[in-house]
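Just add 1408 to wherever you are in the sequence shown, counting from 1, and you've got the numbering used here.
These are computed hints drawn from the structure, not numbers from a lab.
Honestly, I wouldn't trust all of these hints.
Claimed, not checked - In silico DSS-like cross-links for lysine-lysine, where the CA-CA straight-line distance does not exceed 27 Å: (1) Lys1555 with Lys1573; (2) Lys1534 with Lys1474; (3) Lys1557 with Lys1453; (4) Lys1453 with Lys1491; (5) Lys1440 with Lys1453.
What the hints assert, rightly or not - If you anchor each label on the Cβ, the simulated ranges turn out as follows: (6) Asp1538 with Asn1461: 15 to 23 Å; (7) Ile1419 with Ser1541: 45 to 53 Å; (8) Lys1442 with Tyr1517: 36 to 44 Å; (9) Arg1454 with Val1427: 25 to 33 Å; (10) Glu1576 with Val1435: 16 to 24 Å; (11) Gly1468 with Thr1492: 30 to 38 Å.
Predicted model, so just to flag it, every value in this text is computed and none were measured.
All C-beta atoms, glycine included, are put in the ideal place defined by N, C-alpha and C.
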Amino acid sequence: MTTALIIIGVIVLILIVFVITSYNSLVSLRNKVKDQWSQIDVLLKRRNDLIPNLVETVKGYATHEKETLNAVIAARNNAVDAKTQAEEIESANVLTDALTHLFAVAEAYPDLKANTNFLDLQSNLKETEDKISYARQFYNDSVLAYKNKLEMFPSNIVASMFGFKPEEFFEATEKEKETPQVKF
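Please take these sequences and the hints and turn them into a complete structure.
Take a look at the structure:
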């Protein structure tokens, strides 16, 4: 009888250790995903703060490019007003597209391209865009590890017991996936 109790006790202990280990691992991965998202959020805010200055600089040179400037301003405002993570992802992608058009417009104005304020802002924005790109990559890597843990046996049992939910990847839009047209 005592041998049976010892065996049952060892099995229960192993199960408890497994549940605790799996739970802690899931919490750690979920927190890593949230941390990576906050890194993206900081960079998106930096980009949103730079854009009004850039638009004002371009306005002085490209007064008849109001449609492009308005699109950038609208996209920036949507990005600032985004409430959910999915809305932030979508608005960030729209804003990236609008900025691409703005820089294309800037190419048509040699005086603007030579303006040191514009060049500074453009450089800061490019640096921020690069950082956003890297942060997206790290975020998606974290989401992948977390999703794998959520879906793989036997940790998926613990995940479902404690209500862990998957996170969304930060994906490129169809427009961003298109091959750019280069014309000379």
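> Does the hinted range 25 to 33 Å hold for arginine 1454 and valine 1427 at CB?
Replying inline: Distance hint for arginine 1454, valine 1427 is violated at roughly 41 Å.
> Has the given pair, lysine 1440 with lysine 1453, been kept, meaning a C-alpha gap of at most 27 Å?
Replying inline: holds, 20 Å
> Given a hinted range of 45 to 53 Å, is it respected by the beta-carbon distance of isoleucine 1419 and serine 1541?
Replying inline: Hint holds: Cβ distance 49 Å, inside 45 to 53 Å.
> Under the criterion that the straight-line Cα-Cα distance not exceed 27 Å, is the pair lysine 1453, lysine 1491 satisfied?
Replying inline: The given pair, whose Cα atoms are some 13 Å apart, holds under the 27 Å limit.
>> Assuming the hint says 16 to 24 Å, is it satisfied by the Cβ distance from glutamate 1576 to valine 1435 or not?
In response: holds, 19 Å
>> Checking one constraint from the list: CA of lysine 1555 to CA of lysine 1573, max 27 Å. Satisfied?
In response: Between lysine 1555 and lysine 1573 the Cα gap is close to 9 Å, so the pair holds against 27 Å.
> Does lysine 1534 pair with lysine 1474 here, judged by a C-alpha cut-off of 27 Å?
Replying inline: Holds, because 22 Å separates the two Cα atoms, which is no more than 27 Å.
> Range hint 15 to 23 Å: satisfied by the CB atoms of aspartate 1538 and asparagine 1461?
Replying inline: Once the Cβ atoms are compared, 19 Å apart, the range 15 to 23 Å for asparagine 1461 and aspartate 1538 holds.
> Falls inside 30 to 38 Å, the C-beta gap from glycine 1468 to threonine 1492?
Replying inline: holds, 36 Å
> Does the Cβ-Cβ separation between lysine 1442 and tyrosine 1517 fall within 36 to 44 Å?
Replying inline: Taking Cβ atoms as reference, lysine 1442 and tyrosine 1517 lie about 42 Å apart, which means the hint holds.
>> Run the distance test for lysine 1557 versus lysine 1453: straight-line Cα separation, threshold 27 Å.
In response: It is violated: about 31 Å lies between the C-alpha atoms, which goes past 27 Å.
Comparing the model with each numbered hint stated earlier shows that hints 3, 9 do not hold.
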